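S.K.: Sequences listed follow chains A and B, in order.
Counting in the numbering used here, the first sequence runs from 1 upward without gaps.
Counting in the numbering used here, the second sequence runs from 1 upward without gaps.
Think of the hints as simulated: they come from the structure by calculation, not from any bench.
Values in this document were obtained by computation on a predicted structure and should not be read as measured data.
Do not rely on the hints blindly, as some may be mistaken.
[Claimed, not checked] Below, a list of computed lysine-lysine pairs in the DSBU-like style, where the Cα atoms sit at most 35 angstroms apart:
id	chain 1	residue 1	chain 2	residue 2
1	B	Lys-135	A	Lys-137
2	B	Lys-234	A	Lys-148
3	A	Lys-149	A	Lys-137
4	B	Lys-10	B	Lys-234
5	A	Lys-61	B	Lys-9
6	A	Lys-148	B	Lys-76
7	B	Lys-63	A	Lys-61
8	A	Lys-122	B	Lys-9
9	B	Lys-221	B	Lys-135
10	B	Lys-9	B	Lys-76
11	B	Lys-76	B	Lys-63
12	A	Lys-40	B	Lys-10
13	B	Lys-10	B	Lys-76
14	A	Lys-149	B	Lys-63
15	A	Lys-122	B	Lys-135
16	B	Lys-63	A	Lys-148
17	B	Lys-221	A	Lys-61
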Amino acid sequence: MAWSEEQMAARAAQEIEAGSIVNLGIGIPTLVANYLPARKDIWLHTENGILGMGPFPVDGKEDPHVINAGKQTVTILPGGACFDSNTSFAMIRGGHIDLTILGAMQVSEHGDLANWSIPGGKTMGFGGAMDLAAGSKRVLVMTTHRTKKGEPKLVPTCTYPLTARRVVQRIITDLAVIDATPQGFVLVECAPGTTATEVRAATGTVVR
Amino acid sequence: MGKHRDKVKKTPIEALEGLQNGARVMVGGFGLCGNPEALIDAVVELGIRDLTVISNNAGNLGKGLALWLRAGIVRKVIGTYIGNNEDLHQRMADHSVEVELIPQGTFVERMRAAGAGIAGFYTPTGTGTVVAEGKETRVFEGREHLLELPLRADFALIRAAKVDPFGNVRFWRTARTFSPTMATAATTTVVEADTLVPLGALDPDDVHLPGIYVSRIVEVKHHEDTIEYRTVRKGPI
Numbered sequence: 001m002a003w004s005e006e007q008m009a010a011r012a013a014q015e016i017e018a019g020s021i022v023n024l025g026i027g028i029p030t031l032v033a034n035y036l037p038a039r040k041d042i043w044l045h046t047e048n049g050i051l052g053m054g055p056f057p058v059d060g061k062e063d064p065h066v067i068n069a070g071k072q073t074v075t076i077l078p079g080g081a082c083f084d085s086n087t088s089f090a091m092i093r094g095g096h097i098d099l100t101i102l103g104a105m106q107v108s109e110h111g112d113l114a115n116w117s118i119p120g121g122k123t124m125g126f127g128g129a130m131d132l133a134a135g136s137k138r139v140l141v142m143t144t145h146r147t148k149k150g151e152p153k154l155v156p157t158c159t160y161p162l163t164a165r166r167v168v169q170r171i172i173t174d175l176a177v178i179d180a181t182p183q184g185f186v187l188v189e190c191a192p193g194t195t196a197t198e199v200r201a202a203t204g205t206v207v208r
Numbered sequence: 001m002g003k004h005r006d007k008v009k010k011t012p013i014e015a016l017e018g019l020q021n022g023a024r025v026m027v028g029g030f031g032l033c034g035n036p037e038a039l040i041d042a043v044v045e046l047g048i049r050d051l052t053v054i055s056n057n058a059g060n061l062g063k064g065l066a067l068w069l070r071a072g073i074v075r076k077v078i079g080t081y082i083g084n085n086e087d088l089h090q091r092m093a094d095h096s097v098e099v100e101l102i103p104q105g106t107f108v109e110r111m112r113a114a115g116a117g118i119a120g121f122y123t124p125t126g127t128g129t130v131v132a133e134g135k136e137t138r139v140f141e142g143r144e145h146l147l148e149l150p151l152r153a154d155f156a157l158i159r160a161a162k163v164d165p166f167g168n169v170r171f172w173r174t175a176r177t178f179s180p181t182m183a184t185a186a187t188t189t190v191v192e193a194d195t196l197v198p199l200g201a202l203d204p205d206d207v208h209l210p211g212i213y214v215s216r217i218v219e220v221k222h223h224e225d226t227i228e229y230r231t232v233r234k235g236p237i
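So here's chain A without its partners, still in its complex pose (with noise of 0.2 angstroms):
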């Protein structure tokens, strides 16, 4: 049995130490938002320039100039700031985000990270995740072990365009929580029900 998005995500939420300032990427990892207890002392960044990030907000109560990054509708929560970009990516690249959490198209065994654009498809573009990737204390990639056509996304080197080099510590995917290392992957959990053959079956390289 692989994990849910939803399982994935509260698997990921532990991974957040009490007191971390976190930034969520598009996608998958926003669902992590919903596994926060309030007394870890958890501040959410998002890079369009709210620190302190709360939920979705209740219908009706939208505010189209409140915003997260992948464009949806957030509250701010008491204790809240808003500020320009440039103070936004300060904080970024001088190292004051604890934790980033990004998805990816491919991971490499050493940490590499791609995640912008796929060779003879479409290119999304960087936003903030090569800032993201080479300011943040720690990243955590969470993304599904293989594509929707079976490959493998934890791969030996990226065959994609890179986002950024040696950047990613963990991954967590639906089969299971993997470190990248300058030795290789190495296999830090698998989902229940899940055993390490099969994870490393559907990965493209060795998992220790």
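Given the structure of chain A, go ahead and fit chain B onto it with the hints provided.
M.R.: Leaving out everything else, chain B in the frame of chain A:
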């Protein structure tokens, strides 16, 4: 009358005087959030073309700067993210619009450098990627950095919540993003504000963008303010 007493214009078209074909134009906003909608419309109405647009996105859902793409008045887009903007994907594919992508933090820092008299800066963002191609690199504290240069424009078109006649601006929430920085990096900055307030109405400590950076002002009370992705929750968390 000094030039600082003549900033308020009656119409968006009047506020765009001097904008010419082939101009480099920065446009504030993040997707469709914080767009100077009336100024975007007025540029189309004026028939100005061959523009280089410097903006995070180039519209979406056929709105915002997608209006310029559809009007065929854009030669090049310099931005950070295309996403699902089909109007831009289509024009990239048929090569009718050139696209230059820049990492978002580098994008805004290059504009900051232009406005602040900084000739260039080194950043680790983009090392080992296509962004590094053709750029000078230098190692600081064991880490490779890229030299990035200032990004300037002829005009900046930005949206504000409030502005006074000198051009002191307050923004609203995440409608701020790149706008205050663009205002510093352009020769002429035009502010489209929801509300024009008298001098002294803004507390000096509450000014987000001082009037020194603002050339022209137009008050526009009605905006569409399209929400790109409306997301709501069912009940309290």
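S.K.: Now tell me, hint by hint, if it's right for this structure.
M.R.: Hints, verified against the model:
no. : hint                  : in the structure
1   : Lys-135/B - Lys-137/A : holds, 25 angstroms
2   : Lys-234/B - Lys-148/A : holds, 30 angstroms
3   : Lys-149/A - Lys-137/A : holds, 33 angstroms
4   : Lys-10/B - Lys-234/B  : violated, 44 angstroms
5   : Lys-61/A - Lys-9/B    : holds, 34 angstroms
6   : Lys-148/A - Lys-76/B  : holds, 34 angstroms
7   : Lys-63/B - Lys-61/A   : holds, 23 angstroms
8   : Lys-122/A - Lys-9/B   : violated, 42 angstroms
9   : Lys-221/B - Lys-135/B : violated, 45 angstroms
10  : Lys-9/B - Lys-76/B    : holds, 29 angstroms
11  : Lys-76/B - Lys-63/B   : holds, 18 angstroms
12  : Lys-40/A - Lys-10/B   : violated, 52 angstroms
13  : Lys-10/B - Lys-76/B   : holds, 30 angstroms
14  : Lys-149/A - Lys-63/B  : holds, 34 angstroms
15  : Lys-122/A - Lys-135/B : holds, 25 angstroms
16  : Lys-63/B - Lys-148/A  : holds, 31 angstroms
17  : Lys-221/B - Lys-61/A  : holds, 21 angstroms
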